[in-house]
Amino acid sequence: MMNPIIKLSDNAAARIKEIMSNAENESLGVRVSVKTGGCAGMSYVMEYTKEANPNDEVIEDKGVRVFVDPAAVMYLLGTEMDYKQEEMSSAFVFNNPNETERCGCGESFKID
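Each residue of the sequence shown is one higher than the one before, counting from 28 in the numbering used here.
None of these hints come from the bench; they were simulated from the model. It is possible that some hints are incorrect.
Here are the simulated lysine-lysine pairs, DSS-like style, with alpha carbons at most 30 Å apart [what the hints assert, rightly or not]:
| no. | residue 1 | residue 2 |
| --- | --- | --- |
| 1 | K62 | K137 |
| 2 | K111 | K62 |
| 3 | K44 | K77 |
| 4 | K77 | K34 |
| 5 | K137 | K34 |
| 6 | K89 | K137 |
| 7 | K89 | K77 |
| 8 | K44 | K111 |
| 9 | K89 | K44 |
| 10 | K62 | K34 |
| 11 | K111 | K34 |
| 12 | K111 | K89 |
| 13 | K44 | K62 |
| 14 | K62 | K77 |
| 15 | K111 | K137 |
| 16 | K77 | K111 |
| 17 | K89 | K34 |
| 18 | K34 | K44 |
| 19 | K62 | K89 |
The following label-pair restraints were derived from C-beta to C-beta distances [what the hints assert, rightly or not]:
| no. | residue 1 | residue 2 | range |
| --- | --- | --- | --- |
| 20 | E107 | S48 | 19 to 25 Å |
| 21 | N125 | V85 | 32 to 38 Å |
| 22 | D139 | A50 | 35 to 41 Å |
| 23 | T63 | L104 | 23 to 29 Å |
| 24 | P97 | G68 | 28 to 34 Å |
| 25 | E78 | R129 | 28 to 34 Å |
| 26 | N122 | G68 | 14 to 20 Å |
| 27 | I138 | A50 | 15 to 21 Å |
Quick reminder that beta carbons are idealized off the backbone N, C-alpha and C, glycines included.
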């Protein structure tokens, strides 16, 4: 079996379930994509998705559906999505083996 594009940690799956239970009912899951921007050149984007695009890669893991934008697949292969809760902040974190550089704030990354 091929490695999934994205794996979810237990924390990330639990948090997505929590968010989805509070979301509008027509949301199918979350979409992950990347956009150009940030100090290192690219940043991760997460949003609710109400419809699957025909070219989306759909990952079902731990009872959660994640739709990956086709343009983001090559940047995300093998990434683990985690959710970290700290005293002052909580956020989804992408542990991406493809990154060659990451900005100090952790908001953007670069792949050579």
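Look at the Cβ atoms of D139 and A50 and judge whether their distance stays inside 35 to 41 Å. holds (36 Å)
What's the verdict on K111 and K89, does the C-alpha distance respect the 30 Å limit or exceed it? holds (17 Å)
Please verify whether K89 and K34 have alpha carbons no more than 30 Å apart. With a Cα-Cα distance of about 9 Å, the restraint between K89 and K34 holds, given a limit of 30 Å.
Range first: 28 to 34 Å. Now tell me if the beta carbons of E78 and R129 are that far apart. Holds, at about 32 Å.
With the threshold set at 30 Å, check whether the alpha-carbon distance from K62 to K77 stays at or below it. Since the Cα atoms of K62 and K77 sit roughly 20 Å apart, the hinted pair holds (cutoff 30 Å).
Given a hinted range of 23 to 29 Å, is it respected by the beta-carbon distance of T63 and L104? violated (19 Å)
Per the hint of 14 to 20 Å, is the separation of the Cβ atoms of N122 and G68 within bounds? Because 18 Å falls inside the window, the suggested range holds.
If you check the beta carbons of P97 and G68, does the distance land in 28 to 34 Å? violated (20 Å)
Just to be careful, I want the Cα atoms of K89 and K44 compared with a cutoff of 30 Å; is the pair within it? holds (10 Å)
When you check the alpha-carbon spacing of K62 and K34, does it fall within 30 Å? The hint holds at about 20 Å.
K137 and K34: Cα distance at most 30 Å? holds (20 Å)
Would the pair K44 and K77 pass a check requiring their Cα atoms to be no farther apart than 30 Å? holds (15 Å)
Violation of the numbered hints given earlier is confined to hints 21, 23, 24 and 27; the remaining hints are satisfied by the structure.
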